[in-house]
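Trainee: Taken in sequence, the protein lines are chains Y and G.
For the first sequence, position 5 (counting from the first letter as 1) is numbered 14 according to my numbering, and the numbering increases by one without interruption.
For the second sequence, position 192 (counting from the first letter as 1) is numbered 222 according to my numbering, and the numbering increases by one without interruption.
Hints listed in this document are in silico derivations from the structure and should not be mistaken for laboratory results.
The model shown is predicted, which means the values in this text are computed figures rather than measured ones.
Warning: the hint list may mix true and false statements.
Said to hold, decoys possible - To give an idea of the interface, some chain Y residues facing chain G are shown, with a C-beta separation under 8 Å as derived from the structure:
{"hint": "1", "residue": "R34"}
{"hint": "2", "residue": "P35"}
{"hint": "3", "residue": "V36"}
{"hint": "4", "residue": "V276"}
{"hint": "5", "residue": "R320"}
{"hint": "6", "residue": "S325"}
{"hint": "7", "residue": "G327"}
{"hint": "8", "residue": "F328"}
{"hint": "9", "residue": "V332"}
{"hint": "10", "residue": "V333"}
The beta-carbon is built from N, C-alpha and C at its ideal position, and this holds for glycine as well.
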Amino acid sequence: MADLLTFTDRGIYCEAGDFYIDPWRPVDRALVTHGHADHAHEGMARYLATDIAAPVMRHRLGEISLDTIRYGETRRIGDVTVSFHPAGHVPGSAQIRVERKGEVWVASGDYKTIDDGLSTPFEPVRCDAFITESTFGLPVFKWTPQAELARDLNAWWAANAAEGRFSLIGAYALGKAQRILTLADTSIGPILTHGAVENTNEVLRAQGIALPDTIRVTPDLDLKAHAGALVVATPPGLGGPWARRFNVAGNPASTAFASGWMALRGVRRRRAADRGFIMSDHADWPGLNAAIRETGARKIFVTHGYTSIFRRWLESEGFEAHVVSTEYAGENVDADDEGEAA
Amino acid sequence: MKRFAELFRAVDQTTRTTKKVAAMAAYFREAPDADKLWTVALFSGRRPRRTITATVLREWAAERAGIPLWLFEEAYPIVGDLAETISLVLPPAEAEEDRPLSHWIDEIRRLSKQDDAARKAGILAAWDRLGPTERLLFTKLLTGSFRVGVSQKLMTRALAQATEIDEAELTHRLMGSWTPDDITWHSLVHAPDPTASLSRPYPFYLAYQLDDPEALGDPAQWMAERKWDGIRGQLILRGGDHHLWSRGEELMTDRFPELARMKDFLPMGTVIDGEVLGWGDEVPLSFNALQKRIGRKTVPKKLLAEAPVILMGYDLLEQDGEDIRALPFAERRARLDALGRDLPPEAPFRLSPLVPVKSLDQLAEERAKSRELMAEGLMLKRADSPYLSGRKKGDWWKWKVDPLTIDAVMVYAQAGSGRRANMFTDFTFAVRDGNGLVPFTKAYSGLTDAEFRKITAWVRKNTLERYGPVRHVKPEHVFEIGFEGIQPSPRHKSGVSLRFPRMLRWRHDKPLDEINTLEDLRQMLAAYGGESAA
Ligand SMILES: [Zn+2]
Ligand SMILES: [Zn+2]
């Protein structure tokens, strides 16, 4: 019998249900794990995503024909049953479970196993075949615990605020930016946001996700009145002319990046920020391994990241592992030229 | 070692010089003397020798981390640094403790004298007692690979702030061949003993590249000489001995034994700044010839005969035991001429001929002759300039010839490591040969980070084939490759190898069929191949 899911040049395809998962070329029916640009593309005739992911997708893709589904709810499509399960990556992100006659495949999109206090936490789903990313699929990637991150972030911000300096941090507009907001200790000072971040904040607040108060940076905002603020920007915003306004005469802003790549000293130095916080919405090495083990799957497909190394590792651990080529992009600290793919 | 780790993080995490200096000055005010001494030693490149092979360290780290060795080996080039890879794969420390830097250095030396089993136990125990940064630093010290993103100049500035000793004076005190074993903090920094420093060199004065000759102003104020393509060196004759220092503050005395004869020709109490050059028939040998001698601690007779060296004198820094760096260059140079003028030809010394300066145009013409004279360009020195230390703008300029260039197409790409992990930065370039393409060089540098990101995105989408980490890409993007020299190389398919190749420009304007050919490269080899003068 043919594989339940196959890998095509348009995306992950389910013939028995005639739909695609996270396709990157126009198709009739797209099941989408989450709203990041490398997973939710324009041009599909019909979309299906979780109710929590839907508002951001509408915001980003405009007028689309979008049907929603709740976590755990089952839906019959053609000869298969599909359901969406929390992936813990960003609010509303899902692993998509596909079942036919007791055989279960799961396409996990992007995921992380730690609870970020914002997204519905990752839930392992038992399956026969598991499709996984491997953005950080090397044993050198181990994330800083959430509590320690909060402590480091707030200590950095407080020290800058005490000197009357702005604290500029670069993070993806969807996911990481809000995670920083929830970690920030608002007693230190006000929080300013780049437009791209604030637009996403507004969408999330409107759907009932609690975020601390933020102030959108506009040309006429009185910066003096907000000296010492935390400024949350997109990574390209941080490097560009937009950020220069925060260099108050003789008191340049302190800059930081939040990314899993900050685990590598070389990348930290390349980005030339004052600080690098090791923070990712993708699974680290222990996370990937734990997630894969908990699925009980024997067959593993690796989509993006350190694919061939990770496949060899899985094989040495007794799995049947394959590398499949996709257009998913993982986490990029250099998002400037490629749009936001995460 | 927490205090030292904090200092390392502080200078490593910021790009701002003021912050780096402030962090170092604070450290030099507070740390214990033994740690300060080691810190100055480490920050000025005086690393303890590697006492243990990297191979066993990887094995022990992989074993402790519970991963197969091949996986460690895959991660290492991506991280780009062995000690960092080790410290990242190891499980978190179980019993962190804070001992001074000097304690851990002593521990490394103690372990180096023991057998393998005891070393392993000691190193695993140390890894288990150190936090992440401390562990990285300890491992770097073990592997002899400690480096820090701070120049000696900045460190000296911080030390001057902390001790209130004049910065130039401190720069001089810290030079030379001392190690933390044969000196104390007090005698190094506060009370130097003059007899103990007979071999101590002066800080080198370095020049910036001249971009705009008009900036020189009145040509009459300038003196010019050739910029020779050898090894910059400082020859010291003091107390009956001679010492030869490199610009990187390395003693090269034993590598160039022919210079010992200088003791027969010049008086003690003389220090000369010059260039070590391969020399035959009163002309410089190609840099190739000198290169054969560079990596060698001792020199076989055959090589001594094939590639003898001389010192080409540029400047006189000390005469009759007196520091004359404050005198005007014209005066120092006149004294050097007087010392060197009448030496017999067997003396391994020549005066670097002065190039007369009449006008900017005439200087430009002289510069254009550089390649045929085996020089890299011109050196311009203001006649009234003192001998300063470090790289300073204004009084001295180097005016190098333009690099040789060739337009070539990128055919292979490989991801970088360390600072450039996850970006494609290492490229192989090809020229045309009939209907085919012949790869002829690699190049890593010369593009901006934004350009590297753009090409990285393109490589991901235009890979034809993968060979391990190397991607064969569509021949499409043309680059102007600049290089300083070209040599025949039977090991390369193209038959040539380039010196200092780098990307000068991304030629978006140039189509693939207009790139240079293998024949063009062969003509350059014939013209500049460098063997002619040997
Ligand atoms: Zn994503
Ligand atoms: Zn993604």
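Trainee: Next, verify each hint and record whether it holds.
Mentor: Right, here's what the structure says about each hint:
Interface restraint check for R34/Y: the shortest CB-CB distance to chain G comes to about 14 Å, outside 8 Å, so the restraint is violated. A cut of 8 Å between beta carbons decides the hint on P35/Y: the least distance to chain G is about 18 Å, and the hint is violated. Look at V36/Y: its Cβ only gets to about 20 Å from chain G, farther than 8 Å, so that hint breaks. Using the Cβ-Cβ criterion of 8 Å, the hint placing V276/Y at the interface with chain G is satisfied: the shortest such distance is roughly 6 Å.
Nearest Cβ of chain G to the Cβ of R320/Y: about 11 Å, over the 8 Å cut. The hint is violated. Of the supplied interface hints, the one on S325/Y holds, with its beta-carbon coming within about 6 Å of a beta-carbon of chain G, less than 8 Å. Of the supplied interface hints, the one on G327/Y is violated, with its beta-carbon coming no nearer than about 13 Å to a beta-carbon of chain G, more than 8 Å. The criterion of a C-beta within 8 Å of any C-beta in chain G is not met by F328/Y, whose closest approach is roughly 15 Å, and the hint is violated.
The interface hint given for V332/Y is violated, since its Cβ lies 11 Å from the closest Cβ of chain G, which is over the 8 Å cut-off. Using the Cβ-Cβ criterion of 8 Å, the hint placing V333/Y at the interface with chain G is not satisfied: the shortest such distance is roughly 14 Å.
In this structure, the earlier hints numbered 1, 2, 3, 5, 7, 8, 9, 10 are contradicted, and the remaining ones agree with it.
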